[in-house]
Amino acid sequence: MKAAIKLKNDLHFTRRSFLRVSTVAAGGLFVSLYLDLPALAQEGNQAPPPKVYPPDAFVHIRPDGKILITVNRLEFGQGVQTALPMILADEMDADWSQVIAELAPAADVYKDPLFGIQMVGGSGSIAHSFQQYRELGAKTRAMLIAAAADRWKVAPDQCRTENSVVRGPGNQSARYAELAEDAARKPVPDKARLKSASEFRLIGTKVRRLDSRPKCDGSQKFGLDLDLPGMKIAVVAHPPVFGGSVKSFDDKDARAIEGVREVFEIPLPQGSGVAVVADRFWTAKQARDRLKIDWNTAGVEHPDSAQLWSKYKELARTQGNVAVARGDEKAMDKIATGNRIVAEYEFPYLAHAPMEPLNATVRFDGDRAEAWVGSQFQTMDHMVIAEVLGLKPETVTFHTEFAGGGFGRRAVIDCHVPREAALIAKRFRGTAIKLIWSREDDVRGGYYRPMHAHRVEIGIGSDGMPAAWRHVVVGQSIVAGTPFESLIVKNGVDETAVEGTADTSYNIPNLHVSAHHPKVNVPVLWWRSVGHTHTAFVMETLIDELATRAKVDPIVYRRKLLKPEAKKLLSVLDLMEEKSKSWRSNLPKGHAVGISCHECFDTAVACAVDVSIENKRPKIHRATVAVNCGLAVNPLTVESQFQAGVGFGVTQLMANGAITFKNGRVEQRNFDGYTPPYIIDAPVTVDVHIVPSTEAPTGCGEPPVPVISPAVVNALAKLTGKRYRSLPLVSL
Amino acid sequence: MATYQLNINGQRKQVNVDPSTPLLWVLREDLKMTGTKYGCGISACGACTVHVDGVATRSCVVPVSLIGNREIVTIEGIAQDPVGRVVQEAWVDKDVVQCGYCQSGQIMSAVALLKSTSKPSDTNIEESMGGNLCRCATYVRIREAIKSAALQLK
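The listed protein sequences correspond, in order, to chains A and B. Residues 1272 to 2003 in this note's numbering are what the first sequence spells out, letter by letter. Residues 477 to 630 in this note's numbering are what the second sequence spells out, letter by letter.
Chain B on its own, in the form it takes in the complex (with noise of 0.2 Å):
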């Protein structure tokens, strides 16, 4: 067990834990954040996406160890930031969730699209959202929102 001092949505939080928890396991039970998902642990399906300094990271094979003072931040803090807060509005105004435990990653990584390409084609899309997984393969919609999202945005 290891102590560290954790910088998550602009909040200092102190967790103890094994070195090798992935961030994602320290998110949901050490600290209750439970908005980031686990879906397969082997970062092939994006349920787990948080932003690690600005950049869309897998939690699930980050071990807690590595994470020193980055800024974390999760689903949880998203709406605090301008391009995720109207992200999750479109999410909401096109009505894109169905069972919805996917969502908190692809708002993630919607929102991380969206800071570096503020017109995203297709392609751009299809390149981003490539790695989150829907079961429910509500990616129709996904493509719809982040492309209001990006309109309200210009």
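Pulled out of the complex, with its shape left as it was, chain A reads as follows (with noise of 0.2 Å):
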């Protein structure tokens, strides 16, 4: 890493930025940086520009030399929690054994700087923040030098910093600690110099994970395992179908049970259910099982699985909203019939379900509340419980606890888990309430991924390339009817269903993409890699079709189709193919090679799998996959995610891995019925390759999920000679 790194997040962070130090009240160094009018709300007239800015903190250096780093997002199994902290600490100088962590409460100043609202997802928390979290570090240090430099009158320059120390001329030295109170009275920089990359002794190295441990020992406490003085625990009784309403219930055998606090009715984003608050969870739960309860279901649509794929397919018959027309709309009827391909693809709605199951515990004390939510959407929960508690979000305090998990799930648009839990303890005044899902709450939930058809027709030219694609997309949209449908749809396309798609890197002519979003009622969301879990898996199982065809290797027809300028794609493709070679060419009998890449949220991915048929299944034996994700601050949080996140992408092929309707009400239940992978399911090893970069950082979250099932079967398809465009994989 030579080159100095190429900022293509500077343009950012061109708005007005600023930092501020508040009180020194705990004998500390408070940095908090500020950001006028975030990129997007001024586009989307999203969350309104920060007007107030309260002395929230970044960075606190404690006087026992612990340097305590404010993490802006939540922690739900990324590794952020450590990878911003290296970024700070790093331009800090700081000693990283001293460096601890924590997840800061909703705020302002903890918006995302580019999404203009606290959340996680698209992949954006390291690639928004790599800079903000540099300018925080190289500030404060700046700001310790010149304490240090006026404590011992000479000038900054003459100051240098290592390991939480400054040093200065003739043997000088100055802990960082002694000099937090003085640095915390300097004016913080406009400007700080930032470290060229020959100079990080954090970025780019492999550091471990600073929750490990407490993971490993289980004293690391989640939302669920949140305990406060009198707490009671509430469920809730859903309607069986969505929109469903009470019309009326019995609770006597359920208030029957000792510890059973109160029963009630509670309004629901659509419809109403019962809340249940008891002592412990499992008298609630025991109590709700008893509840006698009339749902009103007349009126709401039942949707039915079958009856739906009908009408998807009849729609991917016709053209839908255009979201790219590119070349020659007729190329394709210039192409023998028989050089062409018709494919006909179902996926179907997807669960996230964390292992953690969904909770939100709120205490409402008339003039002010408390709420602690791991939450992905910490701006809107925050703000929907205030709305519900009739209250100023800034007399709600707002507590990011630590997830298990959550994929999207704890991202909901309309923050329907925090929403009951505002609810129920407005009932409640001065009791905390933690409300918790079961899974059985979870897996029949809603806000899945959502069903989608896609037919495409391929006319292939007389170079075996395909010369006219007529793609259409059919499924709901994720944000119609939401704040986010100015920003994510255009032209009546949903651009969450065609990416990877619409956007493809292959270089293909004459490329029609459209798409219907149909309404059904079924609550859907955006689930680890959004459009691109069924993109990829139509695009990157076609173009393997196509290099058969062809009888031309798959990874040299990609690297052939691909253009020029994608980049990141050709270079993980050749580091793959090198990486790959040898078990590639020394594989044993009854096994098949997969191939497979796509780019999302900036990161390119390749990925080649051995597999074999075992039991009816497929079984993974290697994966080798091949990253270029910019800079990676810490390869071996980025190699973890992608050994595991590539497992994560195999949820699609499971046997039971689709939530399916019957007259209205889902079919699954629990695990038993909706069955993401266990170890037997997934890859055996994964050797995950960095390609090496001094790019701007760019997401690892999602980019490992879209690539492993289309190359799973694409390795199945040489072992059976059958195309599998069917999810899940429900026989062999």
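Treat the hints with caution; some may be incorrect.
Cut-off 25 Å, straight-line C-alpha distance, at most; resulting in silico cross-link-like pairs (SDA-like, lysine to any residue) [unchecked claim]:
(1) B:Lys623 to A:Val1955
(2) A:Lys1584 to A:Ala1614
(3) B:Lys489 to A:Gly1501
(4) B:Lys508 to A:Val1595
(5) A:Lys1492 to B:Lys489
Keep in mind that the hints were calculated from the coordinates and are not lab data.
Two chains, each in its own frame: build the complex with the hints.
See below:
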């Protein structure tokens, strides 16, 4: 890494941004970064730009030398609670062994600098906050140097820093902790020199996670583990069909259970439910089981998977709203039918099913309130809790709790879980209410990856490459009717449904992609890697089929078809080819290789898998994954994200990897009916190779997911001669 | 409600609960030992795994009334066990965790495996760990950590 880091992110920081120092109450230094006018807020009239800048802290140097760094994101596995402090500590020259990280509460100052709300999504945590945390670190360091220079009456440029110590001329030195109070009184510099890549000590090195040990000895507290004095537990009986409401209910048997405190109806975003509040979860759950509820589900649509499939397939045969129309729309007609492929795909609803069931805790104290939520959407969850309680957000303290996974499920636009918790807490002034969604509530509770049908017609040119490509995507819009619509829906096309197809990096001269967004009575949501979960599957299986037809090696074929400007994808194809060469040419009998590559969230990934068939299921013996994510801030975490993220991607290949509906009701209840991958289903080994880069870092949370399932079925196609276009993979 | 004397991590604990309450919820809500996790409630995910007389057991489906004098070990007590300590350290060394929610259960299952099989093969690992779901799918490093712990225990 010789060259200076190319900061593509710079453009995000041309807006006025500044730091402020707040009190030194605890005998430490507080530095805050405030950003004016978040870019997206201007564009989409989202959250208004922050007008009030509360004295929140990013860095706190304690008198004992510990350095507390505040992380403006939820930590739910992605490793940002380690990576963001690494960035800040590196620029600050802090002693890493003394760094402690904490998750920020909801506050304007912690909003994503690009998105303008406090959130985790779009693989943006490092991509959007890399520059922010570097500047915070560099400015803090400059203030510590200024304090030392004053003390020693020397010029700041005569001082240098290392490992939480400022050193000056003549062997003078002072620990950061000794300087913190003076430094806090120094003006925050407008600019501070950032390190060149060669000066990094932490960034780009393999650093173990700060949260590893507490997660291995049971001491890490997640939202569900919260225990507050006098706290009560709430569960909610939800209608059996989305949007249904309570006609009447009999709670006599429920209330007869010792420890049940209250049973009452609450409104839901659509329809209503019955809340049960008890001293313990087990009591609340038993009481809920004993409720006799007469539901009104007349007048709400009863979704049915079989009916939806036939409707979707019919729609897929007609053109939808146009996402891209490139080249000659009639090019297809000039290609003989024998040189065309017509392919129809089915993707079911998928539940996120994070390991920690959904929960939120709220205590309403009349004129103020406190909330504890493992939230990917702090700004919105915070506002909704305040709104339900009739309070201003600034009187509601919102703590970000560690979350046991999320994958998008804790970034819900209608904030229904914290909303339920607030509605219940409102009835129990002064008592903390922990709302728990059981696993059954989660599996049947909606907010799924939408089901999709794709229909693709490809005209193959005489060179064996796709000359014409007509692609129709059918699926519910995730954002229609929400505040995100104006940002994400263009010309009637929800970009999250066609991403990965309409913007393909393959050089297809005549490309036509359109989309239908039928309205269905099933709440839908982004699921880790969003549209790429299905678009990459379609693209990468069809490209593979084209390569096979052309009798060209699938890696060679992709390289030939990729646009020359798709540099990241080309770099990962090369690296994957090199790193997998030895095992690909030495496969045991009954094994086959599957290839795929995909770019999303500005990160490119290529994948080769070694697959055989065992007990009529794909056995993934090995995956070689090459990644170009720009500068890898923590290569150990990047490796981990990809090793495991491809396993997560196997979810949609599982035999029971679907949420289905019959007569309006979800047919699955728990992990017995909706079954994510266990150890036997995931790849046995995954070797991850990172393309060396000095480009600005890009995300690693979502990009591992799309590549694995097409690679696996591409291998299966070699073993069985069949193309797999309907997920889940019920039978081989 | 009934009163039970439980033997947990070598200590006597008294609780007064509904006899049908699963051990999981007694640990979490009555004894405030939240290292043992709720994931499914139907013994399908293994997040609630504890040792009952040395056997890896899903505490979400075992009513507290059936425990009697059996010795219970949870994640909070596993470091007192020599095998438990080595497994925990291997987990930290291999940087296994992501969200971490399932890892208490993973570690409890891995300790039980290594106590019965000192040099587990991939098949042994798949069998013993086969019911422990990790939604982040950290399975590659779980395998590595178990193998690393096995080497140290030789």
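Going down the list of hints, with the structure as the test:
This hinted pair checks out: Lys623 of chain B and Val1955 of chain A have alpha carbons roughly 13 Å apart, not beyond 25 Å. A C-alpha spacing of about 11 Å is found between Lys1584 of chain A and Ala1614 of chain A, which places the hinted pair at or below 25 Å, so the restraint holds. In summary, the hint linking Lys489 of chain B to Gly1501 of chain A is supported, as the alpha carbons are separated by about 21 Å, within the 25 Å threshold. Distance hint between Lys508 of chain B and Val1595 of chain A is unfulfilled; the C-alpha atoms sit about 56 Å from each other, more than 25 Å.
For the suggested pair Lys1492 of chain A and Lys489 of chain B, the alpha carbons sit about 22 Å apart, so the restraint of at most 25 Å is met.
In the structure shown, a violation is registered for the earlier hint numbered 4 alone.
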